[in-house]
Amino acid sequence: MQHEEAKIEHSSEKNTKEHVSEEHAIEGEVAHELETHTGSHEIKHEQTLFAEPLVHMGSFTLTNSLLNSWLVVLIVIIFSLSLKSKMKEIPRGLQNAMEAVVDMFMGVFDSVTGDREKSLRFFPLAFSFFVFILISNWMGLLPGVGSIGQVVSEHGEYVFIPYFRGGTADLNTTLALAIIGVVVSHIFGVLAIGIWNYLNKFINIKAFLEIPKKIKKDPTIIFVNPVKAFVGLIEIVGEIAKIASLSFRLFGNIFAGEVLLASMSAILAFGLPIPFMFLEVIVGLIQALIFTMLILAYLTMNTSAEEH
Amino acid sequence: MLAKALAIGIGSIGPALGIGMIGAKAMEAIGRNPEAAGKILVPMLLAAAFAEAVAIYALVIAFGIK
Chain A
1 MQHEEAKIEH
11 SSEKNTKEHV
21 SEEHAIEGEV
31 AHELETHTGS
41 HEIKHEQTLF
51 AEPLVHMGSF
61 TLTNSLLNSW
71 LVVLIVIIFS
81 LSLKSKMKEI
91 PRGLQNAMEA
101 VVDMFMGVFD
111 SVTGDREKSL
121 RFFPLAFSFF
131 VFILISNWMG
141 LLPGVGSIGQ
151 VVSEHGEYVF
161 IPYFRGGTAD
171 LNTTLALAII
181 GVVVSHIFGV
191 LAIGIWNYLN
201 KFINIKAFLE
211 IPKKIKKDPT
221 IIFVNPVKAF
231 VGLIEIVGEI
241 AKIASLSFRL
251 FGNIFAGEVL
261 LASMSAILAF
271 GLPIPFMFLE
281 VIVGLIQALI
291 FTMLILAYLT
301 MNTSAEEH
Chain B
1 MLAKALAIGI
11 GSIGPALGIG
21 MIGAKAMEAI
31 GRNPEAAGKI
41 LVPMLLAAAF
51 AEAVAIYALV
61 IAFGIK
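Going down the list, the protein sequences come from chains A and B. First residue of the first sequence: 1, per our numbering; consecutive thereafter. First residue of the second sequence: 1, per our numbering; consecutive thereafter.
Treat the hints with care, as some may be off.
A few chain A residues that don't get close to chain B, going by computed Cβ distances all over 12 Å [unchecked claim]:
| id | residue |
| --- | --- |
| 1 | S82 |
| 2 | E89 |
| 3 | I90 |
| 4 | E117 |
| 5 | W138 |
| 6 | V152 |
| 7 | K201 |
| 8 | K216 |
| 9 | L233 |
| 10 | G238 |
| 11 | F270 |
| 12 | G271 |
| 13 | S304 |
If we take Cβ atoms under 7 Å as the criterion, some of the chain B residues that face chain A in the derived model are [stated by the list, open to error]:
| id | residue |
| --- | --- |
| 14 | A49 |
| 15 | A53 |
| 16 | I56 |
| 17 | Y57 |
| 18 | L59 |
| 19 | V60 |
| 20 | F63 |
Okay, the calculated beta carbon distance ranges per label pair [what the hints assert, rightly or not]:
| id | chain 1 | residue 1 | chain 2 | residue 2 | range |
| --- | --- | --- | --- | --- | --- |
| 21 | A | A176 | B | A16 | 28 to 38 Å |
| 22 | A | H56 | B | A16 | 41 to 51 Å |
| 23 | B | K25 | A | S153 | 47 to 57 Å |
In case anyone wonders, no lab produced these hints; they're calculated from the structure. Glycine is no exception: its CB is placed at the ideal position from the N, C-alpha and C atoms.
Using the sequences and the accompanying hints, generate a full structural model.
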């Protein structure tokens, strides 16, 4: 009897031990699985040249910089609507500040266009460019941008995709802004001096037509006018160069700033990025100003009649 | 990798010299006429940003090279 009992006890003990070790085995397995899920693959944090897509809606991809641009538009709309609803004859507070800013900008634009009436005409466009680009640049410096995101599995490795990213840090945005600016300057030019005059700035047909008229008065015109026509053709290439330089200047400055801040934070995240943040704030302001002044200069040049 | 380094290295020699010259001329002009310092500042910054843009073109190309 005792022997049997002992046996039963022994076997039950063995059973519990086995049971326990089995449990351990299961736990170990689960833990090992978790570990391989996140530990053995490294999550890549990388600054990509192209904006990362967030949502695919049919064939339209929503990227994180597009989301930021929409946020900027929302901010500008809310701000201007709230300002407009409280317009008073004698300004106080925020309205006063905005009027001072507008006045300062009119002065700056006057120095570029040289004419108050032209400044008034171009002001809405140029100031909208300035506000959009400035707020877009500065949004890229806010704390949530670039760090809040999700880990997505892509091509077998884990990549970190942020939800927000500076709007102008995407080449698409700056290219769109540059194209809008240059095309609008052409449209304003056509509206201002008429299409025949404007077309002659580039494809200088007038120069060829003038040759038979003025050849008696001024015989050198037979050499000079074809050269003028050729220069007009080269200006067409110049327009493409304008678009490229505008977009790349803005994109390069802001994107390089993002990369710089990321690198500095990777080296030492406490205190080292502070002077670089300051630099980025200033660069954002200067780049917005330069973009605006350049668009204004192009507008002025295109709407002024040709003078040699 | 070497292409990236060369692109940004050689590409930033010109702009660096250019910005230095702009600054030097601006300093000279301010030295002659200290009252005009505020008026000289804005065109100087503008010209410096234009010169820097060329360096930025080189940087973007350097980023684009695999």
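Hint by hint, here is what the structure shows:
1. Every CB of chain B is more than 12 Å from the CB of S82 (chain A) (nearest about 32 Å), matching its label as outside the interface.
2. Every Cβ of chain B is farther than 12 Å from the Cβ of E89 (chain A); the closest lies at roughly 33 Å, confirming the non-interface assignment.
3. At roughly 30 Å from the closest C-beta of chain B, the C-beta of I90 (chain A) stays outside 12 Å, upholding its exclusion from the interface.
4. Distance check on E117 (chain A): its Cβ is at least 23 Å (rounded) from any Cβ of chain B, clearing the 12 Å threshold; non-interface status holds.
5. With a minimum CB-CB distance of about 17 Å to chain B, W138 (chain A) clears the 12 Å threshold, and the non-interface call stands.
6. For V152 (chain A), the requirement that its beta carbon stay farther than 12 Å from each beta carbon of chain B is met, with the minimum near 22 Å.
7. Against chain B, the non-interface label of K201 (chain A) holds: every CB pair exceeds 12 Å, the least being about 23 Å.
8. The claim that K216 (chain A) lies off the interface holds: its Cβ sits roughly 45 Å from the closest Cβ of chain B, which is beyond the 12 Å cut-off.
9. Every CB of chain B lies more than 12 Å from the CB of L233 (chain A), the least distance being 24 Å, so the non-interface label holds.
10. At roughly 15 Å, the least C-beta separation between G238 (chain A) and chain B is larger than 12 Å, which holds for a residue marked as non-interface.
11. No Cβ of chain B comes within 12 Å of the Cβ of F270 (chain A); the nearest lies about 27 Å off, and the non-interface call holds.
12. With a minimum CB-CB distance of about 26 Å to chain B, G271 (chain A) clears the 12 Å threshold, and the non-interface call stands.
13. Remark: the non-interface label on S304 (chain A) is consistent with the geometry, its nearest Cβ contact in chain B lying 20 Å away (cut-off 12 Å).
14. For A49 (chain B), the interface hint holds, since its Cβ comes within 7 Å of a Cβ in chain A; the closest pair sits about 5 Å apart.
15. At about 4 Å, the closest approach between the beta carbon of A53 (chain B) and any beta carbon in chain A falls short of 7 Å, and the interface hint on this residue holds.
16. Given hint, I56 (chain B) at the interface with chain A, holds; its Cβ is 3 Å from that chain's nearest Cβ, closer than 7 Å.
17. At a threshold of 7 Å, the smallest CB-CB gap from Y57 (chain B) to chain A is about 6 Å, leaving the interface hint in force.
18. Because the closest C-beta pair between L59 (chain B) and chain A is about 6 Å apart, less than 7 Å, the hint holds.
19. Because the smallest distance between the Cβ of V60 (chain B) and any Cβ of chain A comes to about 5 Å, under 7 Å, the interface hint for this residue holds.
20. Interface restraint check: F63 (chain B) against chain A, minimum CB-CB distance 6 Å, threshold 7 Å, status holds.
21. Range check, A176 (chain A) to A16 (chain B): Cβ separation about 31 Å, and the 28 to 38 Å hint holds.
22. Distance hint check: the CB atoms of H56 (chain A) and A16 (chain B) are about 43 Å apart, consistent with the given range 41 to 51 Å.
23. The hinted range of 47 to 57 Å is satisfied by K25 (chain B) and S153 (chain A), whose Cβ atoms lie roughly 56 Å apart.
When held up to the earlier numbered hints, the structure conflicts with none and fits them all.
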